[in-house]
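Peer 1: Work out the full structure, taking the sequences as your base and the hints as a guide.
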Amino acid sequence: MIKVENLTKRYAGQPAIKDLSFEVSQGEIMGFLGPNGAGKTTTMRILAGFMPPTSGRATVAGFDVFEQSLQARAHLGYMPENVPLYSDMRVTEYLNYRAALKGVQHRRVAERVGDVEELCGLKEVKKKLIGALSKGYRQRVGLADALLAEPDLLILDEPTIGLDPNQIRQVRELIKNLGRQHTILLSTHILPEVEMTCSRVIIIHKGRIEACDTPDNLLGKIRQAGGVLLEAKVGNDNGAEELKKISGVRDVVTDGEDDWKRFSLWVESGTDVREEVFRLAADRHWTVRELTRRRATLEDVFVELTHPDLV
Amino acid sequence: MRKFYTLLTREVRGYFHSPVAYVVLIFFLIVSGIDFYFQVSFMNQRQVQFTVQEAFFNSFFFWFAFVLIFPLITMRLFAEEFKLGTIEPLTTVPVRDWQVVLSKFFGALVFYLILWIPTLFYFWIFLRITNQPAAHSAGAYFGSYLMLLLLGMFYLSIGCLTSVLTRNQIIAAVISFCAITLLFFLGLVQFILLDVTSATRDLLGYFSAIEHMGTFSRGVIDTRPIVLYLSMTVLMLTLTHQAFQSRKWRL
Chain F
26 MIKVENLTKR YAGQPAIKDL SFEVSQGEIM GFLGPNGAGK TTTMRILAGF
76 MPPTSGRATV AGFDVFEQSL QARAHLGYMP ENVPLYSDMR VTEYLNYRAA
126 LKGVQHRRVA ERVGDVEELC GLKEVKKKLI GALSKGYRQR VGLADALLAE
176 PDLLILDEPT IGLDPNQIRQ VRELIKNLGR QHTILLSTHI LPEVEMTCSR
226 VIIIHKGRIE ACDTPDNLLG KIRQAGGVLL EAKVGNDNGA EELKKISGVR
276 DVVTDGEDDW KRFSLWVESG TDVREEVFRL AADRHWTVRE LTRRRATLED
326 VFVELTHPDL V
Chain H
192 MRKFYTLLTR EVRGYFHSPV AYVVLIFFLI VSGIDFYFQV SFMNQRQVQF
242 TVQEAFFNSF FFWFAFVLIF PLITMRLFAE EFKLGTIEPL TTVPVRDWQV
292 VLSKFFGALV FYLILWIPTL FYFWIFLRIT NQPAAHSAGA YFGSYLMLLL
342 LGMFYLSIGC LTSVLTRNQI IAAVISFCAI TLLFFLGLVQ FILLDVTSAT
392 RDLLGYFSAI EHMGTFSRGV IDTRPIVLYL SMTVLMLTLT HQAFQSRKWR
442 L
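Taken in sequence, the protein lines are chains F and H. Residues 26 to 336 in this note's numbering are what the first sequence spells out, letter by letter. Residues 192 to 442 in this note's numbering are what the second sequence spells out, letter by letter.
I should point out that these hints are in silico values taken from the structure, not numbers from a laboratory. It is possible that part of the hints are untrue.
[What the hints assert, rightly or not] Straight-line alpha carbon distances no greater than 30 Å define the calculated DSS-like cross-link-like pairs of lysine-lysine that follow: (1) F:K153 to H:K439; (2) F:K152 to H:K274; (3) H:K274 to F:K43; (4) H:K439 to F:K151.
[Unchecked claim] Computed from the model, here is a short list of chain F residues facing chain H with C-beta under 8 Å: (5) D113; (6) A125; (7) P217.
[Unchecked claim] To give an idea of the chain H side of the interface with chain F (calculated C-beta under 8 Å), a few residues: (8) R193; (9) R201; (10) G205; (11) T277; (12) V284.
Backbone N, C-alpha and C define an ideal beta-carbon position, used for all residues, glycine too.
Peer 2: This is how it looks when you write it as structure tokens:
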């Protein structure tokens, strides 16, 4: 659905994205992660046909986003960052206008507008001026707009920013459901969202792709993956040395000032060493008050890839 | 065509959704009303060789209001969209750039023409009260309103161009005001040049909006100004289109 090859964009000589290449296939929900200024919006703008790349090529549904911009644009629904809208129009009026611009057949406009208003929960504000809407509703108008022409591809730039937790949950459910019929590329800062909704994730940092994989594989790749945390009184033993002898344990970090020591075990992915740790503790008569497996989150992946000093 | 029509409707409605439209309408109504009143009362006092209609379209008041309205009408066209970021959803739907440019131009033109509707009533009222037509012939009406349309198209296209160059409405308004006033005064220079035979004087005369309006409001339809204003409008709109597209090649 999307094919990006060696995409580069410079602003006044400063590269915003460098040599990006990735593909999104039909039916995928692709998450686009990265710190502010990493180049997410730039990439999405290029894909949506808002501006051309400096070099490289991108196609949407087989159409070049620059050379065959009109056909490419006809296949996508784009929700820009911060959702700029005409504040002097009413919700239904705006959606009717957008539907006509997107070439929705005249007799289907009312039906489509009704559908997306229903889907995005805009029924109760449909006669309001957009300028009078709260951030959450504006966000939903943007999403409704993107869905109007039933595009094959949805490009959503931070669809949940500025929403309250309930709304985030609603939008997440909505995106998940949309993923059944549409291909979706969405950018976000909210990592649990990506873990829950996306089938694949691209992490982009300083204009380069740092990782592109399924959330599970990404979790497996990083240091904390499958880590185990042990808090115990080990007496005079050197706990870390003992723990390192367990097969599968790569490294152990110890902290804690008093008798109680906390050991963070970094283990190979796919192995669970809790049983061995328990046996060791029992053999050595350590007093254990906590033994847990730490599940890494995408947040760890994100931090590790984009800001290694913080790990 | 449907997309163009949708964009055009949105532009025209956009005017009436904003207070600026009403301010311009009222300002224009007052100035043109005062102008008409003065012209009629002036003619009441002495014998004159021209019609009310000629007098109305060639007065100081008329030109004063005339050059002022264009920046007000056109300043928001593109600048506002750039500022609010609405240009992004607008240019990511399957709509061609020239459709956007033309819809904005014609939207402004429609609003401009609406401004002139009340002036038709002035002449009608004049006819009802005095039982004399404001102009001698239908040609004079046709000529002066045709000139209004031609001048309007040219000056609005200048406004379009200045609005597409910036995201600040004030800057757009100031630049288009300067450009339009300069062009307007270019035509006045011929009254300063005393040498009647000078070629410069003749040349500048060709650009004189006042002179053109003078001829047209007498019902004399000269094709030279028609060609001049139409071609200048096309040139300005082409430049606007180029500038609007510049986001695609500018670094």
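Peer 1: For every hint, state whether the structure bears it out.
Peer 2: Results for each hint:
| no. | hint | in the structure |
| --- | --- | --- |
| 1 | F:K153 to H:K439 | violated, 35 Å |
| 2 | F:K152 to H:K274 | holds, 26 Å |
| 3 | H:K274 to F:K43 | holds, 28 Å |
| 4 | H:K439 to F:K151 | violated, 35 Å |
| 5 | D113 | holds, 4 Å |
| 6 | A125 | holds, 4 Å |
| 7 | P217 | violated, 28 Å |
| 8 | R193 | holds, 6 Å |
| 9 | R201 | holds, 6 Å |
| 10 | G205 | holds, 7 Å |
| 11 | T277 | holds, 5 Å |
| 12 | V284 | holds, 5 Å |
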